[in-house]
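As a plain string of letters, each chain reads:
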Amino acid sequence: MCCRAIAWRERNNLSLHVANEEPIDRLAAGDPDAFGRLVAELVPTARRLARLVLHNESDADDAVQDGFLAAWRNIARYDPSRPFRPWLMRIVLNAARDLRRRRHVRETESLPFDAVSSTTAPEREAARALLRERLDEALKTLSERARLAVTLFDAEGYSHAEIAELLAVPEGTVRSDVFHARRALRHHLIPFLEEVG
Amino acid sequence: MRQLDPFESAPDPALGRLLREHLDPDDHEAFVTRVLAAIGAAHPVAGYWEFVVRWSRPGIAAAVLLAAGLALGVGSAFREETEPVSLAEAISPAETAADVLTAQAPPGAALALTSMLEQP
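If you're matching them up, the sequences are chains R and S in order. When we follow this note's numbering, the leftmost residue of the first sequence carries the number 1, and every step to the right adds one. When we follow this note's numbering, the leftmost residue of the second sequence carries the number 1, and every step to the right adds one.
Since the hints were derived computationally from the structure, they do not count as laboratory data. In this text, all values refer to a predicted model and were calculated from it rather than measured experimentally. Check the hints yourself; a few may be wrong.
Lysine to aspartate or glutamate pairs mimicking DMTMM-like chemistry, simulated, CA-CA at most 20 Å apart [stated by the list, open to error]:
1. R:Lys-140 <-> R:Glu-57
2. R:Lys-140 <-> S:Glu-21
3. R:Lys-140 <-> S:Asp-24
Starting from the given sequences, assemble the full structure and let the hints guide the process.
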């Protein structure tokens, strides 16, 4: 991973090389405490990724739980010589895709976002709600892989190599996905951002 | 949001923050508690196999001992049902020539023929 990505993660208080902080042999031996600490650290990222696939908070949480359980049951299959986070996140993504197949979740189904702080001014709150609506629309124009790639890179601080490992695609494909996804998101968002200041 | 650069290799903090805010659900702590409870109820496969391996050797040893005990028991039961026979009794003929000659009924054909065949 490049130094800039590491510094960025540290600035944004995102966990960095979580697996390196836990003895790998304890994880591989199925130590519930070691795994529990990882769960606590990786849950936010896992929930955001699952939501990109399922577009539904409740389904995304079910998928994340399924994924973590599957990882725990199969912890003996984890190869300690490989990075832990992409291994775990790939299981979570597979669980989300599997749940989508089983429940026939439609791409258009989306819960409204209601995380806007109640302390903001009404105009600002309305602008933020509109921004999220635009972002939601923009994300829907992207392929699932591009959505995951740009979120993992820009929001989660994963390196291109880690994303390639997670999505099982070449690193060049990840770079291309991130570039095109950013262009599409900016195309949708910049006019709005300039409008609202 | 920064200007688009195809060779940009660093994350865009503004876009990243927007995405995180957009996708972030509430109450991670409650969800972590839920997941950890589910994990606590589950057993890793590794632990299961360790359990099986740990108990396989004593289990096999116990099975061997049980089988040996059963074999000894069955063997001793059979031994009690039959009377012991000495070597002399085992190799002596059931009926001697004198017995045949002094019998009131004539011997069967099989016994007579056997006697003839046994002659040198």
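To see whether the hints hold, each was checked on the structure:
With a C-alpha separation of about 16 Å, the suggested pair R:Lys-140 and R:Glu-57 falls inside the 20 Å cut-off, and the hint holds. Between R:Lys-140 and S:Glu-21, the direct Cα distance comes to roughly 17 Å. Compliance with the 20 Å bound is thereby established for this hinted pair. For a cut-off of 20 Å, the pair hint linking R:Lys-140 to S:Asp-24 stands: about 17 Å separates their Cα positions.
When each numbered hint is compared with the structure, no violation occurs for any of them.
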